[in-house]
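Can you make the complete structure from the sequences, with help from the hints?
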Amino acid sequence: MNPSFLLAATLLLPLIGTLFIALTGSRANLREAVTLVTAGLLAVIVYSLLQDVLAGARPAATLVEVVPGLPLALEIEPLGMLFACIASGLWIVNSLYSIGYMRGNHEHKQTRFYMCFAIAIASAMGIAFAGNMFTLFIFYEVLTLSTYPLVAHKETAEARQGARIYLGLLIGTSIGFQMVAIIWTWLAAGTLDFAAGGILRGKVDPAVLPFLLALYMFGIGKAALMPFHRWLPSAMVAPTPVSALLHAVAVVKAGVFTVLKVVVYVFGVDLLAETGASQWLIGVASFTLIAASLVAMTKDNLKARLAYSTISQLSYIVLGAALATSYGVLGGALHIATHALGKITLFMCAGAIYVATHKTEISEMDGLGRRMPFTYGAFLVGALSIIGLPPLAGVWSKWYLAMGAVETGLWAVVAVYMISSLLNVAYLIPVVARGFFKPSAEPVPQSVGAAAAPAAGGLQEAPLLCVLPPCLTAAGCVVLFFYADAVVALLRPLVQ
Amino acid sequence: MSTLSAALPHLPILQVVVPLISAPICFLLQRAGLAWAFSTLVSWLAFATSVMLLRAVMADGTIHYEIGGWAAPWGIEYVIDAANAIVLVIVSGIGAAVSSYAPRSVLAEIPASQRGLYYTAYLLCLAGLLGVTITGDAFNVFVFLEITSLSSYVLVAAGAGLDRRALTAAYNYLVMGTVGATFFVIGVGLLYMVTGTLNIADLHERVPPLLDNRTVHVAFAFIVVGLGLKLALFPLHTWLPNAYTYAPSTGTAFLAATSTKVSVYVLLRFLFGVFAPTSGLMALTMDYVLLPLAVIGMMAATVAAIYQYNLKRLLAYSSVAQLGYMVLGFAYGSVDGLTAAVLHLFNHALMKGALFLALGCVMLRVGDVTMHGVRGLGRQMPWTMAAFVAGGLSLIGVPLTVGFISKWYLVGAALEDGRWWIAALILASSLLAVIYVWKVVEAAYLREPPAGRTVREAPLSMLVPTWILVLANIWFGVDAELTVSVARTAAMGLLGVAP
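Here the protein sequences line up with chains U and G, keeping their order.
Here the first sequence is numbered in our numbering, starting from 1 and rising by one per residue.
Here the second sequence is numbered in our numbering, starting from 497 and rising by one per residue.
One or more of the hints may lead you astray.
[To be verified] Think about it this way: if two alpha-carbon atoms lie no more than 25 Å apart in a straight line, the pair counts; the simulated DSS-like pairs of lysine-lysine are:
#: 1; chain 1: U; residue 1: Lys359; chain 2: U; residue 2: Lys109
#: 2; chain 1: U; residue 1: Lys359; chain 2: U; residue 2: Lys438
#: 3; chain 1: G; residue 1: Lys935; chain 2: U; residue 2: Lys359
#: 4; chain 1: U; residue 1: Lys109; chain 2: G; residue 2: Lys935
#: 5; chain 1: U; residue 1: Lys154; chain 2: U; residue 2: Lys109
#: 6; chain 1: U; residue 1: Lys299; chain 2: U; residue 2: Lys203
[As the list claims (entries may be wrong)] Partial list, computed: chain G residues near chain U (C-beta under 10 Å):
#: 7; residue: Val547
#: 8; residue: Leu550
#: 9; residue: Thr664
#: 10; residue: Leu927
#: 11; residue: Arg943
Simulated from the structure, these hints should not be mistaken for lab results.
Glycine included, C-beta positions come from ideal geometry on N, C-alpha and C.
See below:
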């Protein structure tokens with residue numbers, strides 16, 4: 001089929017899905033079928049586009065010219081292709097998980113939940129395939145708004161408060177800083193189209209480039225650079241599937257994806273390297289990276305710990321971009337993929353534990369691993385991938401990021417990456433260790449389950465649909481380790 | 497067909513005369529239903545006329561129309577260029593939407609004996625606003641301004657059936673409005689004294705060489721302050737919150753979306769079409785009076801809006817802030833700034849129209865437009881609240897709404913001028929707008945309705961006009977080509993810059 005049509009379809013399909021989810025709202029099985037079919041079709045379309053892109057094509061489509069010179073345009077390039085693959089692929093897995101989780105927990109207003117989810121995916125596609133900064137910004141805002149009802153889902157005072165911080169920080173930074181940066185860029189460069197090598201060379205005084213970069217970097221609140229990171233822990237009041245797909249994959253990755261886009265296609269890596277405009281960012285990102293890891297260690301709530309871990313991991317990518325070297329950018333892009341797989345696994349495991357036991361605090365989870373071996377097994381794999389041990393995918397992105405640091409001769413940055421890996425061990429492994437090795441705080445209930453299935457050794461796993469998805473993504477971490485070169489091949493044009 | 501083509505050259509006068517003559521006819525119709533049908537028909541005719549005028553202006557340039565065939569300096573001349581053609585479209589378009597929406601709301605809010613009169617006052621107000629906009633004669637502006645003012649006092653006072661405070665609000669509005677109109681006519685009189693003409697085009701020829709003349713200075717001061725009162729420029733805005741709060745829903749929607757906009761246009765016309773923009777006096781007023789007042793108004797009114805409990809009052813304060821944006825746009829005195837101002841004039845009318853109409857639906861069903869009244873309405877009146885949220889997002893300036901286009905051009909114009917701090921303040925103010933819009937969203941969607949209240953969705957006759965305005969908010973936010981090109985043409989025309 002015509003690639004331009006397929007490109008527009010990636011946006012339209014989830015929106016059509018939203019409509020059908022609304023129409024089938026009263027019949028839950030049909031509604032979930034709509035979600036799964038939409039997710040499946042979307043993945044097929046994205047996959048067929050991937051083949052085109054690998055063959056060197058750059059499909060493009062212009063939707064509408066909003067004001068003269070500023071069209072709503074889509075164009076695929078390798079980085080966006082990668083992001084779209086991750087978001088659409090994991091949407092399938094996460095939809096399965098959502099069904100298990102939402103039903104297992106008897107959550108209310110599920111139709112609204114699935115509708116907002118589909119809109120969020122449509123906007124993630126829009127961000128991935130945006131052909132200019134203007135289009136990207138529009139979908140960036142739509143993503144924020146469409147995820148607000150998901151964060152406020154529980155409608156309790158706590159959820160309202162969390163959602164307020166979420167919306168306030170994301171809208172605040174994007175309108176307050178990012179929009180200024182975009183308008184400034186437009187006035188200076190006369191265009192907002194993404195172009196290889198950037199559009200700002202010779203257009204903006206190098207002396208003010210760091211300032212413009214700062215407007216972008218802090219304006220992209222979704223990248224959770226300190227001090228604008230508070231929204232991410234606040235968003236953890238959302239149901240876990242939201243935290244898993246949106247706040248480990250789609251939303252936060254949209255943030256760092258935008259960072260990479262800005263660095264590569266608006267500023268241009270060479271321009272940043274020549275002017276040193278991103279030097280300050282190395283410091284800020286390093287600080288966020290270490291500080292968030294330290295905070296993560298203090299958190300007893302599992303989801304909060306994972307949230308701070310995410311903040312820290314996002315800064316890996318920002319730091320990679322700030323290095324302004326080809327390895328740094330490549331590593332950052334790769335880390336989008338590897339961290340997505342690892343972190344969604346961890347979140348889904350946290351959700352599975354919650355569904356099975358209604359426990360949220362790590363200190364209450366002693367001994368759970370023996371009762372939930374699959375969940376804990378998947379958690380271990382995800383954790384090791386994020387720490388960066390072979391044979392798991394996480395090792396490659398850290399490898400490239402460290403190479404980027406070596407390339408610039410900044411040994412301090414290499415040290416930051418290494419120290420942070422150690423901190424990862426310190427806050428992720430105890431979760432698993434407590435689960436497997438500490439004796440259970442409460443006696444294993446000798447009730448119906450155990451009596452009926454003694455052969456299972458007192459297994460108390462969450463429903464299948466809660467356990468299978470994290471196992472799948474954990475397996476994905478292993479597979480990606482062996483096929484990382486395919487991803488690197490896709491990304492290679494980015495730095496040539 | 498032949499009558500239509502014969503009428504075409506006379507569109508400028510028909511634009512004003514049709515609603516003006518309809519007003520007494522409407523009064524004679526007596527029955528509220530008939531009066532409504534008639535006034536709606538007239539509004540739609542006026543809208544069609546204004547659209548044809550806009551198209552003619554954009555295609556062939558400025559239209560001059562001599563009333564009664566009397567040539568310009570002696571007779572009254574109507575002059576239509578891009579700047580006022582777009583305002584005509586706003587006024588008559590909002591009029592058409594509001595009057596289509598009106599019957600159910602008027603039935604609920606206004607006593608039976610006054611309904612026919614209410615429609616009559618509305619038609620007079622419409623005629624007055626269109627007249628102010630279309631005329632090319634300074635004294636004629638005053639005449640129509642008075643017609644508008646007197647009829648809008650009536651529109652506000654008509655809210656007395658619901659809340660007696662409408663009377664004091666109208667009285668206050670009357671006092672302030674009369675002071676404003678008087679100042680304006682004093683200014684025009686002084687200009688006449690010096691130049692011997694009332695024709696705006698002639699004034700534009702004769703006033704600039706006299707800019708050092710003391711009388712011209714005084715005239716300038718009177719006109720700016722007088723119009724400042726009419727358009728509710730901070731700190732001359734005090735009449736506005738009460739007037740908008742206590743007027744009937746339809747009255748508020750119509751006045752909020754049109755009347756201050758027309759005053760902004762007249763100020764624009766006098767600042768740039770009579771007094772030359774380059775003069776020292778002018779530049780000083782721009783930089784040291786209008787600009788600071790616009791900025792302070794923008795911030796202060798936004799903060800005031802956050803603390804409001806009554807949603808109509810909340811939107812009224814937000815209007816004061818938004819008027820600040822417009823004044824800001826033309827206080828830059830650049831083509832970009834004026835473009836932004838004209839653009840925002842159009843866009844803000846769409847937002848406020850949609851928002852006030854949505855509140856009218858709430859008023860009809862719940863009878864309470866406070867933070868408490870909208871609790872839980874997200875489920876009980878989903879279409880109404882969705883319209884409110886869409887209007888609110890537009891007010892904040894979220895992409896894909898007209899508000900975003902306005903913000904884009906306002907900030908762009910500020911940056912182009914190198915006024916960083918103003919760009920920062922515009923954005924700060926729109927972020928504060930998030931707070932007051934979101935207070936409503938939380939109340940409507942995340943809170944349970946008061947115990948025992950069961951309300952139905954508003955009737956279609958009200959939802960459809962509301963949603964037409966909401967969709968216009970989105971349409972012109974996604975495809976702003978038309979509005980931007982008209983606004984730019986208008987700005988260039990006002991500044992006398994060749995395209």
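Here is what the structure says about each hint:
The suggested pairing of lysine 359 of chain U with lysine 109 of chain U holds, with an alpha-carbon distance near 23 Å, which does not exceed 25 Å. Among the hinted pairs, lysine 359 of chain U with lysine 438 of chain U is consistent with the structure: their alpha-carbon atoms are about 16 Å apart, no more than 25 Å. Restraint check for lysine 935 of chain G and lysine 359 of chain U: not satisfied, since their Cα atoms lie roughly 33 Å apart, outside the 25 Å limit. The straight-line distance between the Cα atoms of lysine 109 of chain U and lysine 935 of chain G is roughly 21 Å, inside the 25 Å bound, and the hint therefore holds.
Between lysine 154 of chain U and lysine 109 of chain U the CA atoms are separated by roughly 9 Å; this keeps the pair inside 25 Å, and the hint holds. Under the criterion of a C-alpha separation no larger than 25 Å, the hint pairing lysine 299 of chain U with lysine 203 of chain U is inconsistent with the structure, at around 46 Å. Hint status for valine 547 of chain G: violated, given a least beta-carbon distance of 21 Å to chain U, over 10 Å. Among the interface hints, the one on leucine 550 of chain G is violated; its C-beta lies about 19 Å from the nearest C-beta in chain U, farther than the 10 Å criterion.
Interface restraint check: threonine 664 of chain G against chain U, minimum CB-CB distance 37 Å, threshold 10 Å, status violated. With its C-beta approaching chain U no nearer than about 5 Å, leucine 927 of chain G sits inside the 10 Å limit, and its interface hint holds. Nearest Cβ of chain U to the Cβ of arginine 943 of chain G: about 8 Å, under the 10 Å cut. The hint holds.
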